[in-house]
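Asks: Given chain H, work out where chain E should sit, using these hints.
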Amino acid sequence: MRHIIAQHIGNHWELIEPFERSVRNKTIEADLKDGEREYDVCLRYVHQVVNDGDPPEVVKLTNDEIEWLKSNPDDFKRNNPNYRSKCTLWVIDSDSLKIAIEKIRNEKRVLDSEYICHTNLTGAGKAYIGGEALFGEDGYVYINHHSDRYGGEKTPRELWEATKNVFLALGYKDLVDILKIYEEYNESAGR
Amino acid sequence: MSKKFIIYIMDDELPITREEMGVVRGASIINMVRDREWLGHLHDLRNLIIDLVNIPEIADTQVELVGFASPTLAFQEIDAGQIPDVVIYDWEYLSSAQSTNSRDWLQHLLNVCNAFVFIYSKVRSEIPRFVNSREFDEFAPRFQLFKKGDSTISVFSAEEFILQYVRNRLGLIDSVKIQGQEIRFEQNGYIDNPSDILFMEKCLGRASVRTWLNNNPTAISEESVELLLNSLNVGFRLNEKKGLLRLESSHFTSQPSNEIALTTAEVVKRFGKEVLDAVLESGITSVK
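As they're listed, the protein sequences go chains H and E.
As numbered in our numbering, the first sequence has no gaps in its residue numbers, which increase by one up to the final residue, 218.
As numbered in our numbering, the second sequence has no gaps in its residue numbers, which increase by one up to the final residue, 311.
Keep in mind the hints are simulated off the structure, nothing from the lab.
Remember, it's a predicted structure, so these values are computed and weren't measured experimentally.
For each residue, glycine too, the CB sits at the ideal point set by N, CA and C.
Honestly, I wouldn't trust all of these hints.
Unchecked claim - On the chain H side, residues computed to face chain E include the following (Cβ under 10 Å):
id	residue
1	VAL68
2	ASP81
3	PRO83
4	PRO100
5	LYS104
6	ASN107
7	ASN171
8	GLU210
Claimed, not checked - If the Cβ cut is set under 10 Å, some of the chain E residues that face chain H in the computed set are:
id	residue
9	ARG207
10	SER277
11	SER280
As the list claims (entries may be wrong) - Not close to chain H: a few residues of chain E, all C-beta gaps over 10 Å, as computed:
id	residue
12	ASP83
13	ASP108
14	ARG192
So here's chain E without its partners, still in its complex pose:
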């Protein structure tokens, strides 16, 4: 029997009842998101939990979602052997006198388990002062900072980023949620995973991806990704004999008679997205 995938949500403002004694799981989480009153600024967290609860594997009990009103309750659970795979960790804890408690709890959390931790905060700016310190260096690959409801980080909001991370960990790549839209992901010759939209954003610029999304693609498909890629108005020249691909506008000496023109989509289809990135960066790159 494969190990259950466990997600912890640690936030002292979760509407957990006194009877629940600071911990919710299973049907209680569904009741919590569906029937209870939430503070206004937690709207995005509530929607994220709804999306997580709707992951089919939760109904199959392959994935467990547990909410905690305080980190110390989560640590008790970890001590009992319930090790999380992903943690959504609220930075501000109202009962802590100073944010150093949040820092110490975070450090303890990173030490006692190998979970990936999303540090999730109303106020993001004060956090880096602590997590940029050397004591967090070894943990850097295992945490990510987000501001609650932040929609400026990429075409994914903070919550959509977290949701997609969980979906990826579970191998669920048949759809993706971006800018509030659920979009089907189909096998195509360009990208392997809906998270590669982030790579497209890096290569093509956010405005291109936003424009593409605003046209409401029903799916991330061969046709729609091709449209997105070719929105980059750049030409490429391939010299197959030399095994070199260059930007049409590059300064490198060219042999036009030995070169063929390619579109952006053709470059990605033939050589992959990393080659596109390399040739945009350097102006020329080798291809096989």
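Okay, chain H solo, but in the shape it has when bound:
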């Protein structure tokens, strides 16, 4: 795993601290809250990817949800009441690609205590990139780089392309880039 990450990402990009790419003026000192750095809360749910595979207790998108996502990813994310219960978080650090369901109770968090965040997967350490993955009943994995801590709009395009190559190299051959769906939606909107 390490060599795959190094080959595609590590030899070209630096590890970043949480929030380093945030557009929201956030910092570790001010915005990393209680309960957001503990790895043990998600320990038994983490899938350290060696070759493909589903994270424990993942709930998959139905075919109807997949159609919804493909036709309007923005509306799907904002208005699907099941979004967060089906969403998984992923991060790539120097060791591995880790994926876990987002809906893991974390009572140490005062706000949003039904969910973990990306820094739980890293112990608030450094990572190359993070985002969300949705596993579909169609066998595809749908990924984006939506992460206030390790992803977001400041993520270089080339890093995102390299990230997809890591997923592919680690066995996720049926991979869909949600950002491409957004782009297609952007281009077709208003017609």
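Replies: Frame of chain H, contents of chain E only:
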């Protein structure tokens, strides 16, 4: 006649006298906070009770505040039909041999009433081991953990968070207490409720909100919220024909000739704070 709103405070270190037999209410609570000696680490709880006592509806007897030295006394009151709406539940009970008693009492409390429970502790770290267990799953929406005097959770301290929760439940949103300051809340075009400061913190980062508070706004008003929102140095582009709003810096294909620039405040004023959150998250979002 509408039902009285009842708040229980359960803490064996409340300075309740023997004559009061473990329960204080009404004028006794006022005497307790005003005239008696409190242990040092209860300073923040005492101030919270003072703030609660000063809620006008308590003087009107629409709201009742009751203090208990032990959970079993509170359970007797509940059995007698005095069902609380909010409970501030001290985690450590000196008489309990193990913290499993605290856990069992908490579970019983959650079972016998629908109150929202603030689990309030000197030492917060040991609690999640119990309340993260499956037996508390069904109750998760009804309790919140706080460390006494904690000022790291948000711009609200633990006690200010509890106070604001009670005020919200009572519909009292004309002011808010943050970082020790009482700030007037005025109707504005940006946020509907002073608790939305938490949303601002999520969207803009805590440092932005702290800087704004350090400038001592006299009120959460149209002008002051606009200043806060525009402290986020991010530009937005609106394509009205497509009904899409994007971050100026986003990678999405743009049509500059069909787009207008918006500030953060303009985004919130036109489309609401949830749209701001969505576009910051995804880089692009649809708007009506």
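Asks: Now tell me if each hint is right for this structure.
Replies: Hint by hint, here is what the structure shows:
1. VAL68: Cβ of VAL68 of chain H sits 7 Å from chain E, so the hint holds.
2. ASP81: 22 Å, violated
3. PRO83: Violated: closest Cβ of chain E sits about 15 Å from PRO83 of chain H, beyond 10 Å.
4. PRO100: Holds - the Cβ of PRO100 of chain H comes within 10 Å of chain E, reaching about 8 Å at its closest.
5. LYS104: 7 Å, holds
6. ASN107: 13 Å, violated
7. ASN171: The hint holds - ASN171 of chain H has a Cβ within 10 Å of chain E, the shortest such distance being about 8 Å.
8. GLU210: 6 Å, holds
9. ARG207: 25 Å, violated
10. SER277: 9 Å, holds
11. SER280: The hint is violated - SER280 of chain E has no Cβ within 10 Å of chain H, the shortest such distance being about 14 Å.
12. ASP83: ASP83 of chain E clear of chain H: closest Cβ-Cβ about 31 Å, beyond 10 Å.
13. ASP108: 20 Å, holds
14. ARG192: 18 Å, holds
Hints 2, 3, 6, 9 and 11 from the earlier list are contradicted by this structure; the remaining hints agree with it.
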